[in-house]
Amino acid sequence: MTEPTIYELSSPGRVGVRYPQPDVPLAELPQDLVRKDLPLPELSELNVIRHFMHLSHLNYSIDSGFYPLGSCTMKYNPKINEEMARLPGFAYTHPLQPIETVQGNLALMYELQEYLKEITGFDAVTLQPAAGAQGEFTGVMIIRAYHKSRGDTKRTKILVPDSAHGTNPATSAMSGYEVVHIPSDSRGNVDIEALRTTCDDTVAGLMLTNPNTLGLFEEQVVEVNRIVHEAGGLVYGDGANLNALLGIARPADLGFDIMHINLHKTFSTPHGGGGPGSGPVAVKGAFKEFLPGPIVEVLEEGDEELPPVFGFYQPTQSIGRVKAFHGHFGMMVRAYTYISVHGADGLRKVSEYAVLNANYLLARIRGTYKVPYDRICKHEFVVEGVWDDAPGVHALDVAKRLMDYNFHPPTNYFPLIVREALMIEPTETETKQTLDRFADVMLKIAEEAHQQPELLREAPHSTPIGRLDEVKAAKELVLCCWLPEQVKN
Amino acid sequence: MYTPHTDSEREEMLKVIGVPSIESLFEDVPAEYRFPRLNLPEPLTEMEVAAQLQELASINETTRDLICFLGAGAYNHYVPAAVDAILRRGEFYTAYTPYQPEVSQGTLQAIFEYQSLIANLTGMDASNASHYDGATATAEAAVLAYHHFRGKRTRFVVSPSVNPQYRAVLRTYMNGYENLEVIGDDTNHPFATVEDLLPLVDPNTALVVVQYPDFFGRVQDLTGFAQKVHEAGALLAVVVNPLALALFKSPGEMGADIACGEGQPLGIPLSYGGPYLGIFATKKDYVRKMAGRLVGETTDKEGRRGYVLTLTAREQHIRREKATSNICTNQGLMALAATVYMSLLGKTGLRQVAELCYHKAHYTAQQINQIPGFEVDLKAPFFHEFVVKCPDSVEEINEYLLDNGILGGYDLGNDYPHLKNHMLLAVTEMNTREDIEILCEALKEYSHD
Amino acid sequence: MNVPPNLKYAKTDEWVKVEGNIAIIGVSDYAQSQLSDIVYFEFKVDPGDTVTKDQSVATLESVKAAADVNAPVSGKVVELNQSLTDQFEVINSDPYGAAWMMKIEMSDAAELDALMDAAAYEAYCQERGH
Chain Z
1 MTEPTIYELS SPGRVGVRYP QPDVPLAELP QDLVRKDLPL PELSELNVIR
51 HFMHLSHLNY SIDSGFYPLG SCTMKYNPKI NEEMARLPGF AYTHPLQPIE
101 TVQGNLALMY ELQEYLKEIT GFDAVTLQPA AGAQGEFTGV MIIRAYHKSR
151 GDTKRTKILV PDSAHGTNPA TSAMSGYEVV HIPSDSRGNV DIEALRTTCD
201 DTVAGLMLTN PNTLGLFEEQ VVEVNRIVHE AGGLVYGDGA NLNALLGIAR
251 PADLGFDIMH INLHKTFSTP HGGGGPGSGP VAVKGAFKEF LPGPIVEVLE
301 EGDEELPPVF GFYQPTQSIG RVKAFHGHFG MMVRAYTYIS VHGADGLRKV
351 SEYAVLNANY LLARIRGTYK VPYDRICKHE FVVEGVWDDA PGVHALDVAK
401 RLMDYNFHPP TNYFPLIVRE ALMIEPTETE TKQTLDRFAD VMLKIAEEAH
451 QQPELLREAP HSTPIGRLDE VKAAKELVLC CWLPEQVKN
Chain U
1 MYTPHTDSER EEMLKVIGVP SIESLFEDVP AEYRFPRLNL PEPLTEMEVA
51 AQLQELASIN ETTRDLICFL GAGAYNHYVP AAVDAILRRG EFYTAYTPYQ
101 PEVSQGTLQA IFEYQSLIAN LTGMDASNAS HYDGATATAE AAVLAYHHFR
151 GKRTRFVVSP SVNPQYRAVL RTYMNGYENL EVIGDDTNHP FATVEDLLPL
201 VDPNTALVVV QYPDFFGRVQ DLTGFAQKVH EAGALLAVVV NPLALALFKS
251 PGEMGADIAC GEGQPLGIPL SYGGPYLGIF ATKKDYVRKM AGRLVGETTD
301 KEGRRGYVLT LTAREQHIRR EKATSNICTN QGLMALAATV YMSLLGKTGL
351 RQVAELCYHK AHYTAQQINQ IPGFEVDLKA PFFHEFVVKC PDSVEEINEY
401 LLDNGILGGY DLGNDYPHLK NHMLLAVTEM NTREDIEILC EALKEYSHD
Chain L
1 MNVPPNLKYA KTDEWVKVEG NIAIIGVSDY AQSQLSDIVY FEFKVDPGDT
51 VTKDQSVATL ESVKAAADVN APVSGKVVEL NQSLTDQFEV INSDPYGAAW
101 MMKIEMSDAA ELDALMDAAA YEAYCQERGH
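Protein chains in written order, with our numbering: chain Z, 1 to 489; chain U, 1 to 449; chain L, 1 to 130.
Anything over 10 Å on all C-beta distances counts as not near chain L; from chain Z, calculated: (1) Val15; (2) Ser44; (3) Leu46; (4) Gln220; (5) Ile227; (6) Glu448; (7) Gly466.
The calculated lysine-lysine pairs, modelled on DSSO-like cross-linking and capped at a C-alpha distance of 30 Å, are: (8) Lys283/U x Lys44/L; (9) Lys322/U x Lys148/Z; (10) Lys152/U x Lys76/L; (11) Lys36/Z x Lys379/U; (12) Lys472/Z x Lys64/L; (13) Lys322/U x Lys53/L; (14) Lys157/Z x Lys53/L; (15) Lys283/U x Lys36/Z; (16) Lys289/U x Lys76/L; (17) Lys154/Z x Lys152/U; (18) Lys472/Z x Lys322/U; (19) Lys228/U x Lys44/L; (20) Lys322/U x Lys64/L; (21) Lys15/U x Lys432/Z; (22) Lys11/L x Lys322/U; (23) Lys283/U x Lys64/L; (24) Lys289/U x Lys157/Z; (25) Lys148/Z x Lys152/U; (26) Lys284/U x Lys64/L; (27) Lys284/U x Lys44/L; (28) Lys53/L x Lys154/Z; (29) Lys154/Z x Lys44/L; (30) Lys444/Z x Lys64/L; (31) Lys157/Z x Lys64/L; (32) Lys44/L x Lys322/U; (33) Lys76/L x Lys322/U; (34) Lys420/U x Lys389/U; (35) Lys44/L x Lys157/Z; (36) Lys284/U x Lys36/Z; (37) Lys44/L x Lys472/Z; (38) Lys289/U x Lys103/L.
It is worth saying that the hints were derived from the structure and are not from the lab.
Where is the CB? At the ideal position from N, CA and C, for every residue including glycine.
Given only the sequences and the hints, what does the whole structure look like? Please build it.
Following this line, the structure appears as structure tokens:
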């Protein structure tokens, strides 16, 4: 079942696509600079189509099955979004075209900025960051710029809950901050006493995810944010879990100052096998001028006859560009389309049913799986994938066995504060039938773990390939089809 | 609207959970902030949203409506139909990051092939699974160099002929580190050669960054320069246009340590600036220091060949605050686009496209150089972009060209104080001879008026 | 689990062999078994560098985890076992012998008193489970 690589399928002299002959006189080529050999494969168009079709058959995807990956929000990716992003009027515009030729693009970006402001309660938005992690970097650099502008150089720390996603401390470190971890309490909330003790004038800010990575709403979120503000710090919201809050609560109302939004989670833009994402950043008015530019604004108001004229403005104390051009416009079109078909009521329904689905699944498997923080969850929840009376079986084995039942495993080993964690996020686009089937399988696997553990330990049995030797991959480090000499160290 | 629940299903589920209503699932949300009324437009059906967006899109003028000679980091190339046919497979675009390799071999093998193609094209030993774009890839080269020298070398020398947006992003990223200097890109001397940078390369220099072809389209042999940079103990990063590498010597061959750049020319539509593709490849000494995802080859228990994400312990989800970069996503689907594009064109096709760009650009440059008032330096070798010295402001000339259905070049006065009235013009395989002649006619008419 | 009696041990699982004023350091058998197959090793200091106690001086990576090697004592780095950068497997197979990592000329030998002896370290490992 191994599909050959394009190099193995190559045959010298094959051409996949032909181009016209030059219709201009040939210019001289600088011979000392011209490349002598180009070691690329040669395939026909049918070769290429078949090869990638075969590869596609080896993949699991949302279109083929349930994908309960916690913190990733694997909801259905609507096909209309794909059509709209491909409209020639959008797809063939160059980012540096004069603004009068791209008023359609600018209108869409402006409206999307306005929608995101309305949904989150913030006052200004940049659409530039390419992904959530880049949004976080933008946000933390804004915190840094803000304190610097006040002449405050004492603040060297960023507080991060111990349940946080790895990007939070990584972002803080690459922005020049020291990371201080805040423990969680027995209910899964940020430990308020620990926060109170740690919050002083050396703290630049707190990075908080709400609902947190346990899928739980921070029960004292307003107080947490107040404590940080009182100490002179800012609160950065990691928006990865926004799918639980649409029309339910606005992060700005809860006291957040800055947050990033993942269009590829909450707003249905597709994950693409690992990207592209899009990570707009929203801020309260006080921080608007620190945003990366350019930002779309109205240059001239419209009236009954003429639409507004849109253009760009450059924030006056900007932290600087974080990527070239304007951001992932193609993903903006998709998110805009998604919000347009939902409206306010539709978005609220998204969060209500995301939370309903998660709680339903939790109710069905609670008891068989240990739930370390057992209360009404939001859009996701975490269980332990291990039993004291089923020795030798780990969360990894449960995950691998799920694949034999045609389910993608949930997120494994995260958050770190739960041992052998399985983080399950069904999303709102799944039916009760799918959830029931998944719950039934989870219960069956728990039974197998006790009675036939080797089924789990050697799983998966029915996928195109079995468990792979990751140690060998890391040691031998073969990263190319043609192995260059001495890549292996 | 994509939530499938019926009323009776909802009621059944609430019963199993043991709560009376959906609202009761949100009691932990502070009452005064719960259920805000969002002021958004009324929802549209699919049919209505399609009409609305079609209308918005049609307000624009595109590179299909206008004859495009605009480049400056994003290029108008032909994307063969087969590329999108693959990209629209739900198995590829609705899949997640391949953390469970047993059900993700499609994605993993495609990325492995992408890594191979990029390594070959750039002449490097290994490539990662991509960064967000050319600008962030360049910034990541600086981050790699910083960590390679453990923060002991604090100077970063950057040529002024590196894309202005890339230099800006590099500075934004380096702001997170203490006491660094990013120097060398004096925009008052835009046409400085790379050799002009050498006096700045001292024992405290971590990295030198140059672009090839540079922002002005010029190409030169960097082999001797690379040697000098290495003599000072610094690393060399070369920012590339991958299409140019089908025609010209690779950075690997010339001695670069890192090759980074923008992969948009490889089968990715212009799409008003994104999503694009950040290329990042290095010599073997730096492979383990690369940020971003890496796919490696291995076998399963039965000895079947397969692919996995490897060296993941470097990444943020494990190293956390000790990771050298926070990057999580790559540009998965865009890397797939580039892989399909390069597979379709192959050795012959890619070279053919590069040559078409080269010859058409040179013809255009020669023709424009003959128009009174316009001047092009034809002496230095270039790929498919060149600088035109104009008799008036670029803005005025472009307005005139736009009235004639032409999208003119980039105004270099935006970034280089002494280059007002200088336009950066790009020519690709999409420009026919007729297009070029229309451009030249328009410029001739302009210079008469 | 191997805990040689003549060495001293840090809470972060490094071992120290004292030879006069020089501390030779490495990671313990417990550490390498927790990490399992090591796939990467990198020094974070150069000979001649001054290090302070608990400072991270090297990085170890296995497939699932990354760990820092922390200096158990302060002083000046006088020698690195460079072969470990390529032959990191030896950290798993011979953690106390061929996998010695570096030699530090101690600035304050009294810091050794804060380290555990073999018996205390063995008990500490049992407590954590292995």
